[in-house]
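Participant: Chain by chain, the residues run as shown.
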Amino acid sequence: MSIEQVLFYVFAVAIVASASAVVFLRNPVGSAMSLVACFFFLAGVYVLLWAHTIAALQVLVYAGAIMVLFLFVIMLLSLTDTGPLVQLTPSRAAGALAAVAVFSALIVALKKLPDVAPGWTADPSQVARFGTIQYLGEVLYTKWLFPFEAVSLLLLVAIVGAVVVAKPRI
Amino acid sequence: MIPTSHSLILAAALFAIGMLGVLVRRNALVAFMCVELMLNAANLTFLAFARERGDVTGHLSAFFIIAVAAAEAAVGLAIVIAVFRARGTVNIEEIQSMKH
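Listed in order, the protein sequences are those of chains A and B. Position 112 (the first sequence) corresponds to 112 in the numbering used here; numbering is contiguous. Position 77 (the second sequence) corresponds to 1077 in the numbering used here; numbering is contiguous.
Bound-form chain B, shown alone (with noise of 0.2 Å):
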């Protein structure tokens, strides 16, 4: 069998390179794909503990993870678009006001 802290050292860096992403790319629509990856990274670390411990609560803490994440994403990307008609643009550096 895998040893769970081969999974979790996996699950950190994808979550490093998901924060990475976030912080340093001025495409808002891509900064969001990088929070899928993060997300994705907690749903790793469930999956791993649960394998390792039996307990299958944390498939279902993954299960509710990817609807959130649906969620999550229907929301973002509406707000992506409402911002790209009011200002013409989706990068982060151009987009400081809360104003319209």
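Looking at chain A on its own, in the form it has when it is part of the complex (with noise of 0.2 Å):
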């Protein structure tokens, strides 16, 4: 086993490990912490699978300023839970097996995908520029453009329906 697949089992690991923290911590903060963990550790996934940039945007802005803005949430609404984690009602237990039936589908839908050998690891030049910023600008703004564009007003909209349903008086 090289390298590349130890570590691609450790962080799978320890992913699915605080993956199901998040869900099973009965402190929000303890939750957030954990996913902040998670993505770390899909960020290191993401170096596996060769895309540096999308690893480096993942650490700056989930880990960074999502989860930030999360737990600004946390601390301002200082929620104290009690009761029970989970209660099983009927709803509940349908949810829960629906998860568990969609993983069952997806895995029997995985095995099913044709295994692709990578044949375009052969050209050098193609390695060298696959996730490197440079390529990944120059088809941003060229192919991707309209896209682009579309998101930073999607930001925008973002930004001021925020401000307008949190305030409590404009």
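What the hints contain is simulated information worked out from the structure, not anything from laboratory work. As the structure is a prediction and not an experimental result, all values here were calculated from the model. Where is the CB? At the ideal position from N, CA and C, for every residue including glycine. Incorrect hints may have been included.
Ranges of calculated distance between the beta carbons of each label pair, as one might list FRET restraints [to be verified]: (1) I107/A / I1079/B: 55 to 63 Å; (2) V13/A / E1093/B: 42 to 50 Å; (3) D1055/B / M1/A: 25 to 33 Å; (4) T1089/B / A101/A: 28 to 36 Å; (5) V16/A / G1088/B: 17 to 25 Å; (6) Y135/A / N1091/B: 45 to 53 Å; (7) E1093/B / A128/A: 52 to 60 Å; (8) A56/A / I1079/B: 25 to 33 Å.
Take each chain as given, in its own frame, and dock them per the hints.
Facilitator: Take a look at the structure:
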């Protein structure tokens, strides 16, 4: 087993463990911290998939900005969670069953995927530029310019919407 | 290299855990965090296929998902704050009517 595979399995176990901690910890701050850990391990997997730029963005935007926003809101609301962690009402039991069913359906579907050997790695020029910030930028600002601008508009609308919704009085 | 199917199974597990959290937890904030988990599962799938095909489009899709997740988190948390101000709770069980 190569070092790459060993690292992948270590990260995979850590991801599943920290994601389960997000769901099953009682304290929301604990959930948020394990979510941060989960994002870091995911960034590690992204690096193993040769997506260095996205891994950096994952740490900066997800683990940095979004989780700080979550922690701010948790502290602002200062919630005290009493009562059982999960009350097993019929609808919740159905939800848990649905999650298990989706997982098994996904596994069955993935088993049918053909295993494509990545032949493109034979070309050194493609390997050298794959996932670099320069090549991503070239494609983003030529082929994907319109979606990029649409996302900037979306972020603007989200900022205005968040202020309007959260402020008691404008 | 890592087989693509292993990354995809990991993504499926992450998605199922996130879905379980959304459907089972009562705290709206934790449910939101589980939505982020599901979005990350989608990201992982895109990146795994990008690695397999040598196609950088998967990376850009992941980039856009991150941007949309940031927008979603901002608006969603604003709604959580507004609901908390109006009802004094973020427990999903107690927020059942659309009336103010």
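Participant: Each hint should be assessed against the structure and marked as holding or not.
Facilitator: Hints versus structure:
1. I107/A / I1079/B: 55 to 63 Å: violated (34 Å)
2. V13/A / E1093/B: 42 to 50 Å: violated (33 Å)
3. D1055/B / M1/A: 25 to 33 Å: For D1055/B and M1/A the Cβ distance comes to about 27 Å; the hint holds.
4. T1089/B / A101/A: 28 to 36 Å: holds (31 Å)
5. V16/A / G1088/B: 17 to 25 Å: 35 Å Cβ-Cβ, so the 17 to 25 Å window is violated.
6. Y135/A / N1091/B: 45 to 53 Å: holds (47 Å)
7. E1093/B / A128/A: 52 to 60 Å: Since the Cβ atoms of E1093/B and A128/A sit about 55 Å apart, the hinted range of 52 to 60 Å holds.
8. A56/A / I1079/B: 25 to 33 Å: Given a distance of about 30 Å, which is inside 25 to 33 Å, the answer is holds.
When each numbered hint is compared with the structure, violations occur for hints 1, 2 and 5.
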